[in-house]
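The lines below spell out each chain.
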Amino acid sequence: MSPTQWDLPVELCCRPMAFVTLTGLDVVYNAVHRAVWDAFCANRRADRVPISFKVLPGDHEYPKCRPKRTSYEWYIPKGILKTGWMNKHLNLVPALVVVFYELDWDEPQWKEKQSECATRVEIVRQSLQGRNTKVAVVLIQKKTPLPPGEDVIASERAAALCNACELSGKSLFVLPHTDHLVGYIIRLENAFYEHAQTYYYTEIRRVKSHKEFLNKTTHQLLFVRHQFKIAFFSELKQDTQNALKNYRTAYNLVHELRAHETNILEIKTMAGFINYKICRLCFQHNTPLDAIAQFRKHIDLCKKKIGSAELSFEHAAWMSKQFQAFGDLFDEAIKLGLTAIQTQNPGFYYQQAAYYAQERKQLAKSLCNHEASVMYPNPDPLETQTGVLDFYGQRSWRQGILSFDLSDPEKEKVGVLAIQLKERNVAHSEVIITLLSNAVAQFKKYKCPRMKSHLMVQMGEEYYYAKDYTKALKLLDYVMCDYRSEGWWTLLTSILTTALKCSYLMAQLKDYITYSLELLGRASTLKDDQKSRIEKNLINVLMNESPDPEPDCDIFAVKTAQKLWADRISLAGSNIFTIGVQDFVPFVQCKAKFHAPSFHVDVPVEFDIYLKADCPHPIRFSKLCVSFNNQEYNQFCVIEEASKANEVLENLTQGKMCLVPGKTRKLLFKFVAKTEDVGKKIEITSVDLALGNETGRCVVLNWQGGGGDAASSQEALQAARSFKRRPKLPDNEVHWDSIIIQASTMIISRVPNISVHLRHEPPALTNEMYCLVVTVQSHEKTQIRDVKLTAGLKPGQDANLTQKTHVTLHGTELCDESYPALLTDIPVGDLHPGEQLEKMLYVRCGTVGSRMFLVYVSYLINTTAEEKEIVCKCHKDETVTIETVFPFDVAVKFVSTKFEHLERVYADIPFLLMTDLLSASPWALTIVSSELQLAPSMTTVDQLESQVDNVVLQTGESASECFCLRCPSLGNVEGGVATGHYIISWKRTSAMENIPVIRTVITLPHVIVENIPLHVNADLPSFGRVRESLPVKYHLQNKTDFVQDVEISVEPSDAFMFSGLKQIRLRILPGTEQEMLYNFYPLMAGYQQLPSLNINLLRFPNFTNQLLRRFIPTSIFVKPQGRLMDDTSIAAA
Amino acid sequence: MGGAPSAGPPKTAICIPVITKENYPLYIRSTPTENELRFQYMVHTSLDMVDEKISSMGKALVNQRELYLGLLYPTEDYKLTFWTRH
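Just so you know, the protein sequences line up as chains C and D, in that order.
Residue 967 in our numbering sits at position 967 of the first sequence; the count goes up by one each step and never skips.
Start counting at 1 in the second sequence, then tack on 1133, and there's your number in our numbering.
Hints in this document: simulated from the structure, not taken from any laboratory.
From a predicted model like this one, the values you see are computed outputs, not experimental measurements.
Glycine included, C-beta positions come from ideal geometry on N, C-alpha and C.
Don't take each hint at face value.
[Said to hold, decoys possible] Straight-line distance between alpha carbons at most 25 angstroms, and here's what the computed DSS-like set of lysine-lysine pairs gives:
(1) D:1186 to C:724
(2) C:208 to D:1186
(3) D:1212 to C:445
[What the hints assert, rightly or not] Restraint-style ranges between C-beta atoms, simulated for each label pair:
(4) C:466 to D:1147: 28 to 34 angstroms
(5) D:1171 to C:720: 43 to 49 angstroms
(6) C:210 to D:1147: 28 to 34 angstroms
(7) C:466 to D:1171: 49 to 55 angstroms
(8) D:1217 to C:617: 42 to 48 angstroms
(9) D:1153 to C:376: 32 to 38 angstroms
(10) D:1217 to C:296: 24 to 30 angstroms
(11) C:620 to D:1217: 18 to 24 angstroms
[What the hints assert, rightly or not] Chain D side only, calculated, beta carbon under 7 angstroms to chain C, not exhaustive:
(12) 1156
(13) 1160
(14) 1168
(15) 1170
(16) 1177
(17) 1178
(18) 1180
(19) 1182
(20) 1185
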């Protein structure tokens, strides 16, 4: 867009930089000069000093300086700020003029060159007469200079040159054209920058010095002007703090000016400029809150300063620009790193700018509605001699006139007319849409979806006004769903109304119908007369006629539209429109409801379709069809106007096809489900309701699923929260809200009429063939066929159970791993009514724990539904949980031949293995046999015969066995020596003869075997008698390969006297045995301690008497002396 | 929410809406002379800020029972303030 009157001038919006001109550079033909110039202007990054350079010829004429005013007494200013002033100081009047001159210190024609240089400087000075602009000379040299002070000639000639050019030493520079050009240039420009700052400082002082001459009556404008200039020079000097301070003062001063209709535009223009500068500097200083506060203050002060009522659109345009400019500043600051928030972002300013642009459009529409015959004035009062205004914000036809009275009202009138006529040509909508779209982009960024939608609605409406209906519709259609989903019906209705207008004006049939459907619906907040009108139009459209135009449409657009509609009618083609209504709120509501969540296959499936119209007048529909996931049922659920009385419908009359507003219409459908669908879900996938017919136009309202639309869920929520009581309705009517959609139902199998019983004796015992007797009895009235039994472990339990559970029908053989956990579909034939069958099932459970068993009986039966012959598959199942337990506990222990518990056994020395079998079964067990399978490392001392054959154990009873074993010396075996297995063959005592015996194998524990150096055993009678000799023989066996020294002693005992060796030391050869014979003579009766034998092995100190006591008896029972002499005792003595 | 002209007395509520937690309007009543549609848009757009405030307060809102959300955002001519309830 080209800049308009209201755009802020470029020189105001740019960042002011010190202006320095470079002369004497031939950048076109001289490569060295070109390189110098490039070094000045290329790569001007932020770290370089802010200077704006310009190359000018040496004889360039700078703007003339007006003669200094000596007194302000008679001076009356004609305006606040001249339009050329900012540009003059940015681009025309330099702070510093630099004269470049090629001259080396050893120049042979030095004198001539020096004088030429001085002339050049003089020419520049002439042109700048009266200005404070600084002049500097840069000598471009081919040679690298020597360090300061070393080149005597250089110092002399430099001083001479300065003298000739009337320059101070600080203004003469040398630029050697060597490798380090950029480095020299940066040093140069830093020096220039210092000069420039000095210049602007003097300028500020100069402007300030005028102050004392001013008086408040005639020089009010000058106060503002001077303050503005000081601020602007401060900016050029890069002193932004002082610039801001001075702009603030200027801002206050501008509002102190006497405002009148004639100068209000000038005041506002300047206020706007200064405000812009303040806000810009605040953002630059990273004080955005100050910027916002200033802007608010500015708006509050200015928004009522409308000025001439005839030109009030100008004020709106100015306001709009203020907001837009602030939005731009804000946005720019964000791009430089400022963080904005949801409630304070540029979007609000663009939005407000758009609001004022809309107001401008409205005002322009009412103020600039001149008749076509009104001509633009000639000569053009808006033209000026120079083509521009002298002062910002003044009227071109009365520039510089300060009087508040209009000297020439006629001229004023012409001027106003010219402005008004020009305003007519402004593309307002374009301006508004641009601002709105700026705002949309911001609100999108700052998470304001609703604000964004609102602005998009406004954009759509603006496109509508701009007659771009396609774009309007696109935007409106896009945001409609947001308002619909949150249930803001008033807003939705307003949007729909505009959308309907657009679709009417473009004669877009489907859109027109869709929007009409919703505007007639319950979400629409239109008045009834409006709804009536829309309904009438809709019916017209369905009858293939043109609708009446929508109200308040542009007359010319309506004319075009009417032609389009006429074309639509004559064009043959597809006249059926299917409209998915799920996502909006149409004027017909639909709900489908199955009577039950499931139906048995032998009973007809029934459901109702409820319809309700919300439009003002009754409406007929021509067809209703329901679609299912199984399309075969679709044919049973159609109502059509043409069709004759359909049996599946109750009381079908022609009136059924007519929907009366507010009345709920219920339509009943029924059909018989297919037997294949047993176990499946029947779902209503869509309901189609046709309005109109194929001869005219036909609209099919399509509800996905069982009805409902965009407002349904919200209504349901509201109804649930409401405390309002529903009025009572007659019996045959229902409250719409109380109807709950039920769009699917299950088809389930016919109810079985058989009984299934299970008989068994729990718990099951591990590994036994557990018998489960299944009894099936038919209670059906007719024969049932194809009876099948599925039995076994119920699927879906622990996977390990499947491995450890086996089922068979044959109990006579033990089943192994190959048998399944579940037997499926065992055919058991047919059953007549009342007949019963029994089946035995054997289960073998390998692990303890509880299991669920399933017995499932299925069969076929012929039956009728709705007079239709169908074959139904029925089934009945029973489950039972059976616990499995160990039949018995087996305990095993090792004891010495003295029946003392053994931690370990001794090599080659006999010991006893004792088994103890305790029945844990609640049922009697028969131990058929037992068997001891010894490991190779064990040998038996005597026969290994079962001692428990055919023993019957009741619960809690036990059976024990004892085996004498010996373990040959094996050396030291880690973890002990395997003993072998104990195998028990058993069955339930109650089990039948042919049921196999179960062998339960018990692995016997390992035993630690230890070698001992010396084994001692004793031969002695089982009892003694008082005063009768008791012979005792000890056998001492050397179990080692060494000759053993043995010390033997016998401790006396109070209960015995004895004869034999009391203490002896002897040697026993390897593998041999030594016998020790003693004669004990008991003195007392009773259980008596024998004289204890102590053995000490010199080689094996660990061989203790404690160990010894394990092998030999320590006491004996002594009987009292008999009355009669016993022969045997005499013989022993 | 109460909206009141920002400048000049008397400051009276000119639009009182009641909004459900699903953000649909339960009740809106405004001064009949004013542009009702404009107020509805204003109330609706202000829900952006309500959503944001409530979500940023989170649990604190429930615990401290801070029901007054304060000034939501200043429009050019009106002020919007909000109360929330559990």
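**Outcome for the supplied range 24 to 30 angstroms, where the beta carbon pair is residue 1217 of chain D and residue 296 of chain C** = holds (28 angstroms)
**Message:** Just to be sure I understand the hint, the distance between the Cβ atoms of residue 466 of chain C and residue 1147 of chain D should be within 28 to 34 angstroms; is that true here?
**Reply:** Distance hint for residue 466 of chain C, residue 1147 of chain D holds at roughly 32 angstroms.
**Range hint compliance [Cβ, residue 210 of chain C to residue 1147 of chain D, 28 to 34 angstroms]** = violated (52 angstroms)
**Message:** Would the hint on residue 1178 of chain D be counted as holding, given a Cβ-Cβ threshold of 7 angstroms to chain C?
**Reply:** holds (4 angstroms)
**Message:** Quick check on residue 1156 of chain D please, does its C-beta sit within 7 angstroms of some C-beta on chain C?
**Reply:** Hint holds; residue 1156 of chain D Cβ to chain C Cβ min 5 angstroms, cut 7 angstroms.
**Asked** Is residue 1186 of chain D within 25 angstroms of residue 724 of chain C, Cα to Cα?
**Response** Violated, at about 32 angstroms.
**Item:** Hint check: 7 angstroms Cβ-Cβ cutoff, residue 1168 of chain D to chain C
**Value:** violated (11 angstroms)
**Prompt:** So the hint says 18 to 24 angstroms: do the beta-carbon atoms of residue 620 of chain C and residue 1217 of chain D match that?
**Reply:** violated (48 angstroms)
**Asked** If you take the shortest Cβ to Cβ gap from residue 1185 of chain D to chain C, is it below 7 angstroms?
**Response** Holds, because the Cβ-Cβ distance from residue 1185 of chain D to chain C comes to roughly 5 angstroms (cut-off 7 angstroms).
**Item:** Range hint compliance [Cβ, residue 1153 of chain D to residue 376 of chain C, 32 to 38 angstroms]
**Value:** violated (57 angstroms)
**Asked** Between residue 1212 of chain D and residue 445 of chain C, does the CA-CA distance stay at or below 25 angstroms?
**Response** The given pair, whose Cα atoms are some 23 angstroms apart, holds under the 25 angstroms limit.
**Asked** Taking the least C-beta to C-beta distance, is residue 1180 of chain D closer than 7 angstroms to chain C?
**Response** Cβ of residue 1180 of chain D sits 6 angstroms from chain C, so the hint holds.
Going down the numbered hints, you'll see the structure goes against 1, 2, 5, 6, 7, 9, 11, 13 and 14, while the others check out.
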